[in-house]
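> Letter by letter, the chains look like this.
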Amino acid sequence: MTEITRDVLAVAGIYLFVLLVIGWVSYRKALPTPEDFFMAGRAFGPIVLIFAVYATNMTAFYMLGTPGNAYRQGIGTYGYIAFASALVIPAMFYLIGYRAWLIGKRYGYMTPSEFLGARYESPAVALVLFVLLVVYTVPYIVTSVIGAGLALESLGKIPYLWGAAGVLLITMLYTVFGGMRGTAWTSVFQGVVFIIVGLLAFVLIANSLGGFAAITQRVYAERSELLQRTGNFDPKDWFSFLFIAPLAVIAFPHVFMRVLTGKSARTLKALTVVYPLLFLLTWPPVIYIGLWGSVVIPGLDARSSDAILPMMIARFLPPVMLGLGLAAIWAAIMSTLDAMMLTLSTMLTRDLLGRFFPRYVREKGREVVLGRLFIIVIALLAFIGALLRPGTIYDIAKFAFTGYSLTVPAMFASFYWKRSTAWGILASLVIPNLLLPFYYFTPYFSWSTFGFLPVVPLMVLAIVLLVLVSLRTRPPSEQTVQRFFNPHS
Amino acid sequence: MQAKERIFVLILAIFVALHLDLWGWGRIEPMLWGWIPYHIWYHGLLTLLVTFCIIWIVVWVWPRDSSKF
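For the protein sequence lines, the chains are L and S, in the order given. Residue 492 is where the first sequence starts when you use our numbering, and the numbers rise one by one after that. Residue 18 is where the second sequence starts when you use our numbering, and the numbers rise one by one after that.
In case anyone wonders, no lab produced these hints; they're calculated from the structure. It is possible that part of the hints are untrue.
[Stated by the list, open to error] Here are the simulated distance ranges between beta carbons:
(1) L:LEU962 - S:TRP50: 49 to 59 Å
(2) S:TRP73 - L:ILE538: 22 to 32 Å
(3) L:PHE936 - S:ALA30: 44 to 54 Å
(4) L:ARG757 - S:LEU66: 35 to 45 Å
(5) S:ILE31 - L:LEU959: 25 to 35 Å
(6) S:LEU62 - L:SER795: 29 to 39 Å
(7) L:GLY942 - S:ALA30: 20 to 30 Å
(8) L:LEU959 - S:TRP50: 49 to 59 Å
(9) S:TRP50 - L:ASP725: 27 to 37 Å
(10) L:ASP725 - S:GLY51: 24 to 34 Å
(11) L:GLY701 - S:LEU62: 24 to 34 Å
Each residue gets a CB set at the ideal place from its N, CA and C atoms; glycine is no exception.
Sequences are here, hints too, so could you generate the full structure?
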């Protein structure tokens with residue numbers, strides 16, 4: 492082990508130790524109830540909620556996939572992903588999140604499947620949504636673990652699997668003990684770490700490359716095509732992407748559940764206002780680092796370029812920054828990983844076991860115990876996924892995001908269209924999601940995209956099916972509809 | 018959906034049109050301070066405008082009574 496590797500591991504070790512301490516403290520504060528373990532009593536104030544949601548939203552995709560994308564496709568990555576997210580995500584917090592929060596607080600719902608199942612008086616709707624969310628969350632968890640392994644390999648010269656296993660183990664421990672409170676408190680710490688280190692790395696790397704203007708002018712001279720969008724992005728793809736990453740966020744079960752943990756409407760309002768500014772503060776630094784990487788470390792292929800951020804830190808910053816850089820990348824990754832593991836365990840406990848064995852699950856405090864066991868099982872499965880390492884982080888995320896987005900019309904209808912029915916929701920969920928793999932992995936349906944990403948025709952299909960089938964079938968009882976449209980009546 | 022919410026959705030659509038920015042796809046200049054190309058300052062400015070819009074939503078559209086939609 493080299494001296495640099497020891498320094499990197501020492502700093503990263505301190506970071507991991509702090510996480511375990513926070514997890515332990517939150518465990519000591521916990522009550523042995525499902526509402527406390529899975530939702531932290533729905534009592535988070537603005538600071539914890541903002542970091543819990545934002546840090547959860549930022550993952551391997553942000554710290555590794557985004558600089559990698561800037562390396563390959565240039566500066567337009569900001570508008571393509573960050574601005575689109577700054578626009579759509581807060582709007583969804585208001586249009587869907589607030590209503591879900593209000594109803595969830597009133598009736599005790601936790602997961603998206605519980606909401607839709609109750610709204611349409613349909614176990615089938617709940618089960619289908621549960622299956623879809625599990626199918627899309629598992630690959631998303633795998634991208635996080637891959638990112639953690641890649642970061643340690645690039646910065647610490649430690650084999651990929653050690654990083655993946657270490658991050659999974661620590662995340663699993665503080666999630667098992669701390670539950671929602673532990674994952675949210677650690678998110679505050681992790682958010683502060685990756686925001687500050689990201690800004691620091693941005694300034695220090697620019698400095699070591701001769702300053703912001705000097706290195707950007709070098710990109711202008713050698714790779715000017717990366718400073719514009721023509722040739723790097725397609726307008727139809729650009730438009731389509733609005734319906735993928737940004738729209739998908741409110742359908743992420745781990746984000747949806749966290750929005751429900753806000754203490755008051757004021758907390759949600761604070762989250763909504765601050766969100767676009769956080770994108771403006773945190774995305775340009777990682778995009779610029781990827782862009783500069785295209786001229787100082789040229790020639791990387793798509794998969795290798797996912798590691799451009801750690802490569803730049805390793806090459807241009809002093810050893811202490813390597814450890815901080817690794818901590819920042821892990822912070823972004825783990826803050827999502829913990830939320831996804833907790834959410835998936837909540838869904839498996841409540842939406843699956845709770846539905847088929849309700850008495851067994853609710854007796855003797857088993858709900859929390861089962862939730863903890865599921866977290867351990869999910870961690871093991873995620874490790875197996877990381878061993879297989881399928882595709883680039885960017886590609887895996889894009890497929891999962893499209894799937895999440897296709898559940899949004901159903902969520903929207905449940906809050907805004909009284910006439911929508913269980914059959915309409917089932918049609919809009921099942922058929923487009925069955926077609927999705929054919930769009931991504933076969934050429935059979937490419938004619939129907941008209942140059943847009945598959946999400947566009949599939950979204951249109953989901954909406955059309957929802958409307959047509961709903962108009963031909965019977966809506967839920969008036970009493971149920973009123974529970975969702977007038978929850979305090 | 019209330020009238021104010023419909024206005025909000027309309028404003029969102031305008032932002033989407035501005036985000037498409039088809040007239041600026043090939044532009045790099047003007048490059049602010051030598052390192053902020055057109056795309057970044059244009060979309061950075063749009064991000065600030067979105068923030069002001071969200072503040073408007075929170076103050077004027079979002080119900081003050083947190084038991085209502």
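> Is it true that the C-beta distance of ARG757 (chain L) to LEU66 (chain S) lies inside 35 to 45 Å, as the hint says?
Hint violated: Cβ distance 24 Å, outside 35 to 45 Å.
> Return holds or violated for the Cβ distance of TRP50 (chain S) and ASP725 (chain L) against the range 27 to 37 Å.
Given about 30 Å between the Cβ atoms, the range holds.
> Measuring from beta carbon to beta carbon, are LEU62 (chain S) and SER795 (chain L) in 29 to 39 Å?
holds, 34 Å
> Within 25 to 35 Å: is that where the Cβ-Cβ distance between ILE31 (chain S) and LEU959 (chain L) falls?
Since the Cβ atoms of ILE31 (chain S) and LEU959 (chain L) sit about 30 Å apart, the hinted range of 25 to 35 Å holds.
> Given a hint of 20 to 30 Å, does the C-beta separation of GLY942 (chain L) and ALA30 (chain S) actually sit inside it?
holds, 21 Å
> That 44 to 54 Å hint for PHE936 (chain L) and ALA30 (chain S) (C-beta), does it hold up?
Since PHE936 (chain L) and ALA30 (chain S) have Cβ atoms about 28 Å apart, the given range 44 to 54 Å is violated.
> Using the Cβ atoms, figure out if LEU959 (chain L) sits within 49 to 59 Å of TRP50 (chain S).
Since the Cβ atoms of LEU959 (chain L) and TRP50 (chain S) sit about 54 Å apart, the hinted range of 49 to 59 Å holds.
> Holds or violated: 24 to 34 Å for the Cβ distance of GLY701 (chain L) and LEU62 (chain S)?
holds, 27 Å
> Is 22 to 32 Å respected by the C-beta to C-beta distance linking TRP73 (chain S) and ILE538 (chain L)?
Holds, at about 23 Å.
> Would you say the C-beta atoms of ASP725 (chain L) and GLY51 (chain S) sit inside 24 to 34 Å of each other?
holds, 29 Å
> Does the Cβ distance between LEU962 (chain L) and TRP50 (chain S) fall inside 49 to 59 Å?
holds, 57 Å
Taken one by one, the earlier hints fail for this structure at numbers 3, 4, listed in ascending order.
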